[in-house]
Each structure stands twice: as structure tokens, then as C-alpha cells.
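Peer 1: Sequence order for the protein chains is Z and G. Read the first sequence against the UniProt record's numbering and you will find it ends at 368, with the numbers running on by one and no gaps. Read the second sequence against the UniProt record's numbering and you will find it ends at 368, with the numbers running on by one and no gaps.
Treat each hint with caution, since some may be false.
Derived SDA-like pairs (lysine to any residue); straight-line CA-CA distance at most 20 Å [what the hints assert, rightly or not]:
hint : chain 1 : residue 1 : chain 2 : residue 2
1    : Z       : K61       : G       : I328
2    : G       : K307      : G       : R178
3    : G       : K98       : Z       : K211
4    : G       : K319      : Z       : R97
5    : Z       : K98       : G       : D73
6    : Z       : K319      : Z       : G240
7    : Z       : K364      : Z       : E311
8    : Z       : K326      : G       : K173
9    : G       : K98       : Z       : E311
10   : G       : K35       : Z       : G34
11   : G       : K350      : G       : I328
12   : Z       : K211      : Z       : I298
13   : Z       : K89       : Z       : G34
14   : G       : K98       : Z       : K89
15   : Z       : K297      : Z       : N204
16   : G       : K85       : Z       : E84
17   : G       : K98       : Z       : G240
18   : Z       : K98       : G       : I328
19   : Z       : K364      : Z       : L300
20   : Z       : K98       : G       : G152
21   : G       : K173      : G       : G123
22   : Z       : K98       : G       : R242
23   : Z       : K338      : Z       : V323
24   : Z       : K89       : G       : L151
25   : G       : K89       : Z       : N327
26   : Z       : K241      : G       : G123
27   : G       : K35       : Z       : R333
28   : G       : K89       : Z       : L151
29   : G       : K326      : G       : E258
30   : G       : K98       : Z       : Q331
31   : Z       : K89       : G       : K319
Bear in mind the hints are in silico, worked out from the structure with no lab data behind them.
There are 2 protein chains.
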Amino acid sequence: MQSLNLDLGERSYSIHIGSNLLSQPSLILPLLTGKQVLIVSNTQVAPLYLEQLSSSLSQAKPDLNVQTCILPDGEAYKTLATLEKIWDKLLNEGFNRKATLIALGGGVVGDMTGFAAACYQRGINFIQIPTTLLSQVDSSVGGKTGVNHPLGKNMLGAFWQPSLVLADTQVLKTLPSRELAAGIAEIIKYGLLGDLVFLEWLENNMAGLIKGDSQLLAEAIARSCQSKADIVAEDEREGGKRALLNLGHTFGHAIETEMGYGQWLHGEAVACGMWLAADLSRRLGWLTLAEVERVEKILLAANLPVKPPEEMTLASFLKHMAVDKKNIDGQLRLILLKQLGQAELVEFNKLPLLEECITDALTKTHSL
Amino acid sequence: MQSLNLDLGERSYSIHIGSNLLSQPSLILPLLTGKQVLIVSNTQVAPLYLEQLSSSLSQAKPDLNVQTCILPDGEAYKTLATLEKIWDKLLNEGFNRKATLIALGGGVVGDMTGFAAACYQRGINFIQIPTTLLSQVDSSVGGKTGVNHPLGKNMLGAFWQPSLVLADTQVLKTLPSRELAAGIAEIIKYGLLGDLVFLEWLENNMAGLIKGDSQLLAEAIARSCQSKADIVAEDEREGGKRALLNLGHTFGHAIETEMGYGQWLHGEAVACGMWLAADLSRRLGWLTLAEVERVEKILLAANLPVKPPEEMTLASFLKHMAVDKKNIDGQLRLILLKQLGQAELVEFNKLPLLEECITDALTKTHSL
């Protein structure tokens, strides 16, 4: 097991990465603040791992009141209406402000459970047990929680840090390959935005990663979490550097919003978004064509899309990008690449360049 | 104008108390974080003061985008559904994370606007302009925000501090006398829980206060806000001392929840709750009968109820008190009075005493 620490003063917490952590209640019990525990999961994950987690906790500490709440699966259900199910359960069970929520699932479960914890009785303890690669390397770390609104992704939420993150690599064995690839998209992101050495390591090890090699995945998760922890420790509330973690996300959110949440996996949309960000960086003269091809090559090697969905249009991209949370007073702000391994937040004014970039991407039928 | 400061490090803010502050945009403009402002008010307050506030801001700074959102009036609408109207408006107007929300109204408007600000794009700036006495002396200060759930009052919310509180005593001129009295209940609370000298001052000046004497009210508001600011600065997230501000509230919330929100005003329910807390303290041997009579006398002098509503039963009190946010692992916790001017958080185990206290109150037909 590897352990990292996210240093946020009195809100600091540990991130443990390793195999079979789900069955080690000794990792979890010290972080419980009371005797009431609600495990939130979804219809996909619960049949696989809920019993294992729930019974290991109950056996280790028989006086715990362990309840469960199973949500429908998928980004389409990341809504206020689903959130209310968690709150209803907590209130119906009489859970108090010392209760602990445990998120057992992917990013959607983690984001909603965290937001539910942030608002229940003005904030209670919660623990992240991410079960997808994507959530292990990204959303479970850093305290961003929230739900979608029909007019925009993650528009409602809170910064609310977990007290523990357990990334169990064993659970990745049952992850569909499409979801594994979506997680690798976010791993590639850390290389592109700030760590060229890691990008090269990923290029060299992609074949093993997409096959689900446990040791390679553990290493990739640890390096990704360390990158994220460093950035979040420096800028918890996204006043500056943390925005770089949104590389590819402005385009990606536009795809997710237009397509309806859940049609494209988040990681797939981000992969395509990173390609667009790289190509737009090239049009600014920051990347060479060869570098964009290198970005394309590693994304394709991870079985990720680099071309937007056919249903998208230039207009739909621009509409959704206009309401991105990073924008200030109508000014579009994008994360672009000064060079491979170095991202930058840009107040973007060159609309014709952006339009060309999107239009060409929509019509392209082959690699560059 | 009197100005107090609530000292919370980088989240510190000013509380200004005085006449006609609504028409002084110079107090507000320095606290805006961007050019987008949404004033949230209700159908009761908006016709009286919205235009005055909105136009004074627009005139002072013409490039502001000032929008308004009018909510239905009353505690019955302090719900997630109403909250969504604020978020819908923000998203439909394309408001970004530099936008500012201004709450113009009583405690319901303030609590909901604050919670809307806490969750919109994971937290934006907000300003409190309380227009009821109750919200001026209590809910606008200290950053408790939230909405009710059918199973409990303020069960969903956040700690989210405003960047400014403006208590304009001029607006109290149009406040119905029942609401003025409800505000005085919370003022009396500060005397009872921690300031015997202030309690005596209130006893001496109650006749003028209930007539709406501006100077007396300004003094009472300032002393109340100072008490609250001192307590909140010491214990922002209610780990300890802040709970004392809940004197009378456990009983009061039970009344509000059982009666349906809005039948009894919050201050009325708290008044009755403070009487019950005083009487229960007497049954513990902490107060004398004469002291409970003194509590009863000042509440009656302020035209406040000291007897629970006829619709309540012992069972309904106990049911609602069992889900109070202060309770931990089923342990009832109450704020009681060690003596007049000194409240204490008590883990309360003497159920028969509590049952007698409530039963006697329900059946009493006259003063003690």
C-alpha cells in the first residue's frame, strides 16, 4: 500500500492506494466521527462490493449503525433530485451531525455523496472509496463536490474535503475496459499539464495500463494523486493554479452537456477536449503539429476519442463553453498548453481561431 | 451609524447598524466581487424596498448588471424547491463565480440566499440586508444558511459567511407589530443566555422597544449583534459555545415543525421555548420560581407567547426534539439556564422531568 497526504492544515487527509483496502476496516474506523455510517453506492457497484465493505465494518465494530443508500447509476442521475434521496435516508434514519457518509462508487457517487455531506446539518464527515480509475485519480481527491443542472455541469456544489480516500486497485479488475480508458484520460492529463517525464512513462507503459496491469495502474494512480494533491494543497478553492486541472474540460463539458449526461463518459469527453486544447494551442503557435500528433497518439493508444461526436455543432460548442465556471464577466477562459507538460490558464479572445479549431475537428475524418 | 466587526480571519466582515443604509450604495459597492448582482427578496419586502436598493446601486455604478429574484413569502417556502428558483435565475442570466447575491428580506430570504450563494458554482459572494428585527439581531450574522426539510428545520445548509451585513433601522417602521415582537424574542435571548445587565436594560426599556422607538431598537440591535459576533468569532462551526445561541430553539423548532412552518413565527416559537427552558431549569433546581416568573414577565411584556399551541401534545414535542441537530447518538442535548444570564449545553437524561415540564405547560391556563 502506498500512502500520500493531502496537506490542508486541519482538513488534511490521507490517500491510500493498494490492493484489497476495502477489506481493511482498520483503515476506516479511526476516521469515523460517530456510530452512524451511511454507505452511498449505485446499482452497478453495490452488488459487487457493498456487502464486503458493510460487513467488514460491522464485524470490526458491532455497535456501528451501518445503513446503505443505493442510487441509480450514471451521470444522468447526478441531480438535486437524486441528492434528496440521500438526505431523506439520513433524516429517516435519524442520523446526526456526527454521522459519516462513505461514497462507494465512481465520480458521480463521490461528487453527490460529498455534496450531501457538505450540506447535511451544515456539514458532516465523509470518506471516499472510489471504485473507478477515473475517480481514483481525480474526483475523489481535492474536495470538489456537486451535482449537474440542466444548464451546466457541476454548477451546484461545495468545496468539502473527505477525511480519507481509499483507492483499492483490486476493484479495477471488474471495471469495463471503456471505463478504464476513461480513467486513463485523466491520468494522461497530469502528464500533459505539468509532468513531461510522467507523460513519457505513460507512452512507454500504455499497452500494460490498458490491459489493466495492477502494478502499473497503482503507480499511475499514485503519481496522479500526488500531482493533484500538490496542486490542491497550493490552491484549494481554485483561485489560480488548480484551474489547470481543467485541461480539456471546457470542451469536454460542452460535449457532455450537449449530448446529455452519460452518453459520453467524462473521461472520453475530456480526452477529446484535450485534443482540441492541444490543437488550439498549435493554432496559437505554442505547440508544433508533431506535438499535437503525439497527444493524439497517446489518446488513441488508450482507446480514447479525439474527434467530437457527430451530433455536435460549432454553435453547440460555443453555447456551452460560454457558461463555463471559469469564465468571468463574459470572458472565455481556457486551459491551453504552452508546451507539452506545461498548461496555462488563458483569457481567450481569438474567437476565429477557436471556431476554426472546432470546425476542423468536427469535419476531420482521419488523423492530422 | 454603528459599525461592528465579526472577526473570522480572512472571512471577517462588518455589520453596520443605522437609518437609511439601503440608500447608501457606497457601503455596498466595495464589497461586490464582479459586475453581476442578484438581489433576492420576497413578495412582501420587494414592493417596499427593492426599487430603492436596486436603483441606488445602478445609479452609483451604471455598468452593474443588477437582476432580481422574488420568492414567495414565509417559512413554508424555505425549501429546496424555492432554492432552485434562485439557481435557475443565476444560470439563466449566465452569472459567473464573481457574481454577488444580496439578500433583502427577513431570515427566510437571508438563509436561502446564503445557502444559494454557498452552493452556486461551489460558493460565491453574498451580502445580507435583513429587513426584519429578527434577522437583524440574529440570522443575518454568523453565516448559518439553509433550508427546511419536511423532517426537520434547517436540516440542509452550509456555514457560509456574508461579506457584509447592513441593518437598516428605517425599514423596521413598516414591520408588523407581531414581527417586531418576534424579533424582540431573540433580543431577550441574548440577555438570558449571557448578559444579565442587558436583560435588565431590556426590562427597563421594553415599553419603548415594542412601540418601535428607533434609538432604543438601534441600541438593542447593536448589543445583540455584538453578543452574537463575539460568540461566533470564538466558535464559528458550533463545536461548543455557539450552541448556547440555541436557547429556546429545541422546543421552538418542535413547535414550528409540528404546526407547519409559518403558523407560529420563529421568534414566537423561541419565546415559548425559552419559557420552557427556564421552567425545566427550575425543575433541575437551577432557577427559582421567581426567576421563571421574571422570564415570563419580560416575554409577556413583549407580547410574546409563553404557552405552547393547543395543537401540540407531549408526544409531538418529544418526536421533534429527538431529531434536533444538537443531539448526538440519540442523546438529547438542551440549552438550559444555570442562572439568569448564564446558559449551558446539557446532555439531558431526566426524561420524566422533561415530560412533566411539557405536560404542565400544555395544560396551564394562567401564569405560574
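Peer 1: Indicate, hint by hint, whether the structure satisfies it.
Peer 2: Hints and how they fare:
no.	hint	result
1	Z:K61 - G:I328	holds (18 Å)
2	G:K307 - G:R178	holds (16 Å)
3	G:K98 - Z:K211	violated (44 Å)
4	G:K319 - Z:R97	holds (18 Å)
5	Z:K98 - G:D73	violated (33 Å)
6	Z:K319 - Z:G240	violated (25 Å)
7	Z:K364 - Z:E311	holds (14 Å)
8	Z:K326 - G:K173	violated (43 Å)
9	G:K98 - Z:E311	violated (32 Å)
10	G:K35 - Z:G34	violated (44 Å)
11	G:K350 - G:I328	holds (16 Å)
12	Z:K211 - Z:I298	holds (15 Å)
13	Z:K89 - Z:G34	holds (17 Å)
14	G:K98 - Z:K89	violated (34 Å)
15	Z:K297 - Z:N204	holds (12 Å)
16	G:K85 - Z:E84	holds (16 Å)
17	G:K98 - Z:G240	holds (14 Å)
18	Z:K98 - G:I328	holds (7 Å)
19	Z:K364 - Z:L300	holds (15 Å)
20	Z:K98 - G:G152	holds (17 Å)
21	G:K173 - G:G123	violated (34 Å)
22	Z:K98 - G:R242	holds (17 Å)
23	Z:K338 - Z:V323	violated (24 Å)
24	Z:K89 - G:L151	holds (11 Å)
25	G:K89 - Z:N327	holds (18 Å)
26	Z:K241 - G:G123	holds (18 Å)
27	G:K35 - Z:R333	holds (17 Å)
28	G:K89 - Z:L151	holds (11 Å)
29	G:K326 - G:E258	holds (18 Å)
30	G:K98 - Z:Q331	holds (12 Å)
31	Z:K89 - G:K319	holds (17 Å)
In the structure shown, a violation is registered for the earlier hints numbered 3, 5, 6, 8, 9, 10, 14, 21, 23, in ascending order.
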